[in-house]
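Position chains B, C and D against the provided structure of chain A, taking the given hints into account.
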Amino acid sequence: MANKLIGQNYTTPDLVAKVTGKAKYAEDYRVDGMLFCKLLTSPMPHARVKRLDTSKALAMPGVKAILTADDMPGAAAGATLGENVQSTAQAERGLTNEPLYQGEPILAIAATSELEAAEAVEAIDIEFEALPFVVDPIEALRPGSANARTQGNVWVRPPAPAGGRGASGDAARGRGAAPPSPPPPQVTVWKWTEADFANAKEGELPLGKFSDEWSFGNVDDGLKKADLVLDETFMTQSTGHQPLETRTAMAYWQNGKCYLHGSTQSTVQTVASFARWAGIQPNQVVMISEYTGGGFGSKIPGSIFMAIPALLSKKANAPVMMRITREEEHFIGRARPGVIARVKAGFTKDGRITAIDMYAICDNGPYDAQGDARTAGTTISLAYQPQAMRWRGLTVLTNTPPKVSQRAPGGMQGVGIMEPILSKAARRLGIDQVEIRKINAPSGKAPFGPTLPNGKQAYVTSAFVKEALDKGRELFKWDEKKAAFSGKRQGTKARGIGVAVSPFAGGSIGFDALFIIKPDGRIQIQSGIGNLGTHSLFDVHRIVAEMLDVPWEQCDVVFGNTAKNLPWTCVSAGSQTAHAMTRAAHAASTSAIKKLQEIAAKSRGGNPEAYKVAGGKVSGPGGSMTFAQAAQKAIELGGTYDGHEVPEELNNFTKTSAKALAGQGLMGVAKDTYPRDGQSQSYVVGFAAVEVDTETGAVKVLDYTAIGDVGRILNPRGLKGQLFGGSMLGLGHAMTQRWAYDQHYGLALARRFHHNRPPTILDAPTNFIGDAVDLADPETPTGIRGVGEPPVGAAYGAIMNAIADAIGDDAFKRSPVTADILLTSLENGGKRTHETLTAHI
Amino acid sequence: MAVIRDVIAAFELFQPATVDDAVRLLDQHGADALVLAGGLDSMDWLKDRLKRPRYVVDLSQIKELRGVRDVVGGLEIGAMTPLTEVVRHPLVKDRFGLLMQAAELVASPQIRNQGTIGGNVSQDTRCWYYRGGWNCYRAGGNTCYADTPTAINREHAIFDADRCVAVSPSDTAPALVALDAQMIIRNSRGERVVPAEEYFVGPGIDITRMNTLRPGDLLTAIRIPATWAGAQFYFEKVRDRQVWDFPLVNIASAIKPDGGNIGSMRLVVGAVSCVPRRLKDVETAVAGKPRNEETAKMAGEMAIQGAQPLRYNGYKLPLMRNLVKRAIRGSEGGSWTS
Amino acid sequence: MDFLTWGRNPWGEWVLTHVSWSLFWGSLFAGILFLVAHATYMFLSAHRKRAVAETEALEARYKGLPNEIERHTLVARLFHWVMAASMFVLLFTAFLPIVGVRFPWVAWHWMAGLVLTGSILFHVIHASFWLDFWSIWVGPKDIPEFRAEILRELGHDVPGPKPGKYPLGNRLYHLVIVVAGLTVIASGMFMMVRVRTPLFTRNPYVFSDSTWGFTYVAHGLAGVGLVGLVIAHVYFAVRPDKWWITKSMIFGWITRRQYLEHHEPSRWIVAGGAGSRPAKPSERV
Amino acid sequence: MEDNKMSEETPQSASRRNFIKGVIAAGAVASSSAYLFRSTTLHGQPSAAGAVERLITLNVNGQDRRIDVMPQDTLAMTLRYKLGLTGTKLGCDRAECGACTVLVDDVPRYSCSVLAHTVRGRKITTIEGLADATTGKLHPVQQGVIDEQGFQCAFCMPGFVMATVGYLKTNPNPTRQELAHGISGNLCRCQDYDKILTAMMRGADNARKG
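Protein chains in written order, with my numbering: chain A, 1 to 841; chain B, 842 to 1179; chain C, 1180 to 1464; chain D, 1465 to 1674.
Hints are computed from structural coordinates only; laboratory data are not their basis. Hints may be right or wrong, so weigh each one.
Using C-beta positions, here's what the derived DEER-type ranges look like [unchecked claim]:
id : chain 1 : residue 1 : chain 2 : residue 2 : range
1  : A       : Gly-491   : C       : Trp-1200  : 54 to 60 Å
2  : A       : Gly-830   : B       : Pro-1056  : 50 to 56 Å
3  : D       : Gly-1526  : A       : Lys-257   : 38 to 44 Å
4  : B       : Ser-1172  : C       : Trp-1287  : 42 to 48 Å
5  : B       : Lys-892   : C       : Ala-1365  : 33 to 39 Å
6  : A       : Glu-129   : B       : Pro-990   : 25 to 31 Å
7  : A       : His-744   : C       : Ala-1365  : 20 to 26 Å
8  : D       : Arg-1672  : B       : Lys-934   : 22 to 28 Å
9  : C       : Ala-1286  : B       : Asp-935   : 43 to 49 Å
Bear in mind the structure is a predicted one, so any value in this text is a computation, not a measurement. A virtual CB, placed ideally from N, CA and C, is assigned to each residue, including glycine.
Isolated chain A, as found in the complex:
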């Protein structure tokens, strides 16, 4: 593949619409007769609707329809909601009569104005019966404590089948490699004993019984032979995704089809999940989402609440706009589960990790089981390549907003839990921080995760972490800064530096691509990728222009509306897209080139292989043909050339689209069937320099450098943007973002941005460097992997390490590391005084 487009900067074709305000997000659509809907949400963390009388509200002026839980389709076990979401019988249904968290929607009212809808909601006669609740995962394990659901307090999964990673986020690792679905997990009552709690020292995670376990190697031996063993407990916080666009949706029905204007990360993949949530057939769904104001994992296949305007619209026989407020978004907008972990890690005196024994609790929220605690373990096993590792975990239900994958789900938490331990070990052993990471870095086909039934571990496609560490060390001026800053003070300011290694899944396989070379010579590329801001919607299709050797300006990308005949596409999540869809684009381009060659050979004579596609033409011994001519010829030839016949292995979704588009030109369509040895993982190493004000506890990030090992660079500005944005999310977790719950009532106190504190532009590092090693992944034809997730953990770990470097290893055992935590530790001789095991404070 040439390098005219790949690795070059360009302007995405949607940018003018965005910068002029013409780009339409879900709330920007208007339809004649549009009603507005407001939600009645639960005032309690766990309750049952005891009495509900809607008659007064229904009689109010302007009120058109009321939707209650009875109108929602039931949740079925084992149903797959899009690629990433597996349903259980205990899954949420959008509206409920037994709310499991404060803010969970109970009913919705559509009226001609929002004010009327609001007043009708207030006029609803409803009474709740308060049920026992728990908002703290450790509290939920105490003997005699309340359970978040009437059925129990812990998700218990059957043992993970071959291939290991049962976590929902792990599906991102590739369809080809995905294990068969395990039987659905069950909610049961699971408590630790008083003795378990008594045996743990203050601030230590008690080691009661755990339901989940995996391992490789001999952990006990590893710890025994270690020269240094550290035993640390750390709490990572739960945080809302808080995309700037809330999950507003508008729906109407036309000719038996539901037109849904929603906010989703993935266009094509949302059809099935939405259909499932709304209880309709996928072919009844037209999903329109041209622009999405961020998702970060919270809108992977849209949102279950999209079913509300859809069903209300049907009931009211009018379009319904459901504007979601920021406060509602706090509750229904999904969150990253906090993970509380205890890690015992053994080190040789040379810094090699002999063994890791990890115990992890996932603060799961009330609904579907999240794999973050488990992924935290596998991430650690990959990033630091311990010689042996055992992971034990519990997925604990709490009456807090539902959790779901958030940018680097589990990966970020794993890095944050392990990095401070590694830093402490390096300081104890007198080894340079970069060195100890290189000593333990993954390389080549690095193994990770549990021992599989075949006696081996899974392994990655490639890893160039040492190269990334070297590059970062140089660009960050690590050695220079180490001499100047590390642990040094001037006046009241202490400085420190830190480095962290963060891997995460970097791509899936097996999807389809579809484009048409039109008789006017333009290339119309059909895309099912969501436009959520990653630019991958356009980036990946530049492969087509690159391979067909046409100017990018000659391509038109069709996206954002599933009525427009789109191919089967991966979810726009988990850093999959750049990898998966460049492979598919590569396959489709290859098929188009072959067709061009064949058409040229047919038209001009000679052997197809003798024809070359270049400069917008296909040329060979018999002369050349323009793409326009070839497209015209393809239509004449029909069959595979214009899409009337398509490869059998294509997904049905793609087949339907191809059928609709057949006859319009030369069709490039293919499924990615390229082989792949190993699982695609991307890596980012982060380097941070911070300054801690020892009199206030305030922290400033001075410099930050992120270096990716993310395959070939696809779009340099996009790469840098992903590195910076992901790093800022990590910075937010390290320094500012939090939840707060009143434990007595189980109610959220932090509901606003200034409570939850997503970082601002002035919290950003003063100097930022973002770059990548630009080494191709050997297991994908394009050499490209995803980049979205791993920067998060890198910054999270590196910034916390830098703070510890400035003021000591034992100053904090939870994040965010805020001024109060640091100041009280400094007052206490560098030892933490804060609570470690209480969540949401």
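Below, chains B, C and D without anything else, positioned relative to chain A:
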């Protein structure tokens, strides 16, 4: 009870053009009327539907309430003067740099463009129980939810809590108290002048209000006397985020030197109690002392005597102590030169 | 008029918060109304006293009595005034803020409450072991006297003895005060865990929201009741025809003549008098 | 561009006509665009001195627009639902995120927290009013975004651009740090602040070059 947000209940809006008209309207409608200055605090209450006034009196059209005027070496600042105008005004910068610094650290640029100095000093507390609509003392109920064994009260008071543990969130308030400002208040009975220090009231006095404004009252201007013009000022605000955040603790001080020593001093700390806390004892104790580390240490320790921390706000003691030290020093205490 | 104030708890459930403060005005008004009505009545109607001749006859008969008859011991008087002072502090700190006089009242209120509680405790013990405990209580046996007193108040000449140490009205008042006082003290003691004191860790969660609601209502009802009761008490204390009692609460004694004029010596036996038993060194308040 | 075309194909076009109808028939209730209208509170006559009328004139992007606005309607909702200017976004509706930033007399304000009535007679500029109305030439700051491929999901972009345009009026030649402070009232959740600042600096540069 349904929690509906961001749909403002209907009200009748008045936009008087003069203070007299405004006062008349307020007199007429009393407690049924809500006064809208910059509106940033009020909008929250309206959008949360926790306040549903019948009448809203918007002051934005009253020109006489806006502007900075020179008053014999001091300044009179119209209550409706936006913070940005205060920050940029050359006389504020020349004479009362303390107020400029404080105003510049308020929230965000857009808020400073809209929020007024009168609104900033008079804003309600940000206790998240109270603002979340919990029926606490301040809201007319009979308990404080922030002062319980399990409450999350990291941002709450360490001094003078009287049932309610909310704190004053304003950045300009401590500066104005330090500058010995006077609040000019109008109502239908006439005008009264209240020293800034007495403008703010604690929960013991009135648990439902943060200041002496009663229904019908209108804060029209803030007068800063020449007394502390050009003094040596120190202002610092410690917050979790560098934009749009209320102070964990802030400090405002003014020192008139006497040779190398502190001649006289005004020292006020915000966000540690329901009112800006003026440290008179410390002011007296440091008078005549040199501005050195020893004085700073003494002042810092003295400042936090009698503080009563809650479960999660113990850090405010060392924080306040250290900020007092810095105010005495006049600096953060050295920074990296490299 | 609503007698109770309701509020939402954080879960949105209705809970009692306290009594309506309009009840305070009601109690105040009732107290004043009673005062005016009684004063008017007393002014208009002739007040019934023991006839002079009769009194003088008694005086001749009880010559052995000292000139100053101890009515309230020092301890009893101290108790009374401490209790009165704390009660006034309690009422003023409770209700002045409601009428708009604003000051930091809470610390004064709970400290006065503790003083009141302490004094009442002392009083209960003192009265139980050192005084004639039953002399202050009313019972079914007092019904005829009650009837007679009412009739006398209405101007009828009803035969029957004068009261002992405590007239029936006094005893009834005591009973009501006991009920109101104990309610206000018991509820107030619980409520102290809701304010910050050096004594307990503040913890409003020892009771449920609705239990607290009842506690507040009880405290409020008893409190506003005390307003009227205290007004009535003060009124009687300052009435010229009752000064002799008020004085006795200050100095401890009444004159022999007052004793004989207002009391039935057989029902309040004083040492040196006609009684069959010697009086104890101290007597009931 | 491709996406513009697609946006306009969607069925919202009917509503544009509709709200204009609503504006003309100001006071008439119950049209679909009568968002927040209430028949009961319609009052033609001011009831007291200083009481506002509902029919007001707003000067938006250089045009006087006569519209029916309820006293409690915010400028953001008015722009979005009465004037069809949906480029102004609502991210929090609480003056915390800046997505709704517009210029009022050239000063950046959170339009979600401004009552429409309070800006009568003021000059309001939204993202739609930046480009040259006749030539369609982008504003220099908009061009800066194009030049640097600024922003990711871009939901925050209109607010950032308006905040920058407003800030540059007071300081046309800012340092990177100054501009960061100037636009610090805007939140980006993709948090691509570095590239945003680069794009905005490029915009400042473009503006200076004219």
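Okay, the hints, checked on the actual structure:
1. A/Gly-491 to C/Trp-1200: 54 to 60 Å: 56 Å, holds
2. A/Gly-830 to B/Pro-1056: 50 to 56 Å: 53 Å, holds
3. D/Gly-1526 to A/Lys-257: 38 to 44 Å: Given about 41 Å between the Cβ atoms, the range holds.
4. B/Ser-1172 to C/Trp-1287: 42 to 48 Å: Given about 44 Å between the Cβ atoms, the range holds.
5. B/Lys-892 to C/Ala-1365: 33 to 39 Å: 37 Å Cβ-Cβ, so the 33 to 39 Å window holds.
6. A/Glu-129 to B/Pro-990: 25 to 31 Å: 26 Å, holds
7. A/His-744 to C/Ala-1365: 20 to 26 Å: 25 Å, holds
8. D/Arg-1672 to B/Lys-934: 22 to 28 Å: 27 Å, holds
9. C/Ala-1286 to B/Asp-935: 43 to 49 Å: 45 Å, holds
The structure fails none of the hints (numbered hints given earlier).
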